[in-house]
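In order, the protein sequence lines correspond to chains D and H. Each residue of the first sequence is one higher than the one before, counting from 1 in the numbering used here. Each residue of the second sequence is one higher than the one before, counting from 1 in the numbering used here.
Since the hints were derived computationally from the structure, they do not count as laboratory data. Take every hint as true, because none was put in to throw you off.
Computed cross-link-like contacts, DSS-like style, restricted to lysine-lysine with a CA-CA straight-line distance of at most 30 angstroms:
{"id": "1", "chain 1": "H", "residue 1": "K239", "chain 2": "H", "residue 2": "K213"}
{"id": "2", "chain 1": "D", "residue 1": "K442", "chain 2": "H", "residue 2": "K213"}
{"id": "3", "chain 1": "D", "residue 1": "K239", "chain 2": "H", "residue 2": "K213"}
{"id": "4", "chain 1": "D", "residue 1": "K345", "chain 2": "H", "residue 2": "K213"}
{"id": "5", "chain 1": "D", "residue 1": "K239", "chain 2": "D", "residue 2": "K345"}
2 protein chains.
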Amino acid sequence: MSASALLESLRSTVGAANVLTEGDLSAWEVDWRRRWRGRALAVVRPGDTAEVAAVVRACADARVAVVPQGGNTGLVGGGVPDDTGTQVVLTLQRMNRVRDIDEANLTLTADAGCVLQALQQAAGERGLLLPLSLAAEGSCTIGGNLATNAGGTQVLRWGNARELCLGLEVVTAAGEVWDGLSGLRKDNTGYDLRDLMIGSEGTLGIITAATLKLAPLPAATTTALAACADLAQCVALLKLARTRLGAGLTGFEAMGRFALDLVARHFPALPQPLPDAPWTVLLEQSDIEGEPQARGRFESLLGSALEAGLISDAVVAGSLAQSRALWHLRESIPLAQAEEGLNVKHDIALPVSAIPAYVASTDSLLRQRFPGVRLVNFGHLGDGNLHYNVQAPEGVDGARFLQAHEQTINTLVFDALRPYGGSFSAEHGIGALKRDELSLRKSPVALRMMRGIKSALDPLGILNPGRVL
Amino acid sequence: MSASALLESLRSTVGAANVLTEGDLSAWEVDWRRRWRGRALAVVRPGDTAEVAAVVRACADARVAVVPQGGNTGLVGGGVPDDTGTQVVLTLQRMNRVRDIDEANLTLTADAGCVLQALQQAAGERGLLLPLSLAAEGSCTIGGNLATNAGGTQVLRWGNARELCLGLEVVTAAGEVWDGLSGLRKDNTGYDLRDLMIGSEGTLGIITAATLKLAPLPAATTTALAACADLAQCVALLKLARTRLGAGLTGFEAMGRFALDLVARHFPALPQPLPDAPWTVLLEQSDIEGEPQARGRFESLLGSALEAGLISDAVVAGSLAQSRALWHLRESIPLAQAEEGLNVKHDIALPVSAIPAYVASTDSLLRQRFPGVRLVNFGHLGDGNLHYNVQAPEGVDGARFLQAHEQTINTLVFDALRPYGGSFSAEHGIGALKRDELSLRKSPVALRMMRGIKSALDPLGILNPGRVL
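Could you put the whole structure together from the sequences, leaning on the hints where they help?
What follows is the structure, given as structure tokens:
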């Protein structure tokens, strides 16, 4: 089939207004970080699952690649077309209907194109919590969250996107619809296709809808900051907090001194309650009881931690506004980094127990190799997930530093993970950016299984080629 | 390769003492329910992962099927050989070493052949909880638990075996070792092979070791019973309990009147605190605080439920001994059923919200079709999982009733699940028993994907053939 015949077929399937080939298509062709600028044969906007299936069938007939796209907020170039002008972008944006909220079953079923924040709100209106939260929630879609197994700030308590999903509706590479939507907590009938699709970044199927777990809204959410001398103390504090607060502990973020110093430099108006702490931990508690009880529990925990010498100081937020201000400090780190100039970003995971040793040895390797280098280290310590970023020495141009050293730094940082069994992509995925790392760093046995599965489920290789594998 | 050449090769790999071909092999050839009596070419007992891989390679060379076996406690005939005398049973029993407990990371890594209870104890000795618990825990193995994605009594809070597993070591059908052991909470590097292996019942690979999540031991575990007029009230009580107790609610079991009447008939010494309740709910709370707080929370919850008319009566256990006695009541139902005679057992799952309507309509269908039939209905209501068992009318011989009506009853019970999106196998799996049901009841699209994956990962079809697919 010629390209023009395919476009004709697509127009007859989804309507001419939903097959975009002209004008400014950068919203779909350029990724959020502006690292990849692709060119699409067309941007196709199906309105329902049957249309998605028909689009895939037409593309399969024409042997044309399909790049599924949600909110286009991914960080690894997995959702934009390559620059050949031969790939069709299939955006789920028009499929944004909440299909069902089952309050007694604590589940929500929604189209893949629903924006995460809209789903949080839909649940909230029923007094329920959709416990997936990340920086892009105002524009990312639930289909993209599941296709990339998104993480975020609530993983410690609720798990990644994977753990929140009970069922999926998926269009296969053959353009068939697999109705795997399900509100079941238990279902041992055959292989786990759901989890295989989750995190496969659109290379094994296109998620068109999902059923997600909800929870009752907590009665109160309270925040505290604690000052630790080093990462070993942060890890010991985590253990104590888990024991004392149980499932009430919903956040445990660590922030290195230099990360907070950057915030102080670029956002001097933000209060820094523990300005001398080598490491600052943000603890969040979501409680079934009211705020006074939560504060009482924090005070008791932090008192014990002080006595045990795990922390040197602490503050407990006295109000919701104060809690928000503490989170604001944490959330300002990425912006402060950007103000300081480009840096080499990493999204790594380690067993929590290995973090102090890993960071000490890797800091030291980097400082030897690049004297004066500055380490912006912060992240979801409770999940073993660090954003371990390497900033040029003071006064050195960030862009030039990256150009010269990014690959060397990546290799050093990733190689150092190996003895600890760490991951070079904790929550951002592989996409186009880390495909070479995957083929280098994943075991050959695992890669062979992955390639076998890809061939079995997408024999023509039309689903998001060049991504992941 | 001839059978004798294969046996020779196996003996040289694992030692002659670990290749059993003579004497009484019923411990490995007959399943726990004594429904399947197979005959093995040999029972092979490798001592480590390299030996497992070598055994699989030898069997692959000889085109001989391998049936992996853990504690042989499965309920669907998935772990015993067929009766041809051509299959090799590979038992993991000798691989029973705890490899590592990482207290700071809250993880435990163990050989697949470790008995579940031994792992619970190993964690308990460090003040930690391995939150997987089921009736067979004294003899089932963690490898079998993961291969079948076991459920049990703690799923409401902690999820199925799947949700507790962070990483696996697996021997593939080609006899290669995939080292996917990992203590990471976040790792988005390629397809989710772990969850594909979990629940695949030894048909895609042989699990040889696993890394599991642990949690701090709760400070107190407290139990209560509540009397509900019907299942709709039980479901409403569940919602209230989830809101009030949050993650502290670790058990929510419902028991129909007839199930408890059977217990009263066959175990008259057991106290029945709520003898007139049409439905009795057992609630369990595991708390980070002490028993008085947990009891206080129960009393407040049950007081509200009384006021709202959701329950008519309730008792809160005053001591650990009383809590155990309440659980004992629940756990005595299977034994009381057995005393009463054979019945047709089902392990079904539904959205919690659909349970009242499903049970009402299916009860009624069964009673119309089989006048006098008795319904033993109990289960993990918090997970939407019922053991919905059909007992012969009073005075009718159970065995004869089963022989005449089992297939009709299964069809009726399973067909009735369809409009509610229910599952015909919640926690027991497919094995040999439900293979035909799977091919009948699963969507053709899902079955095609499963068969494609099976062919990709086990092209010779030597891993546990005739099971699942």
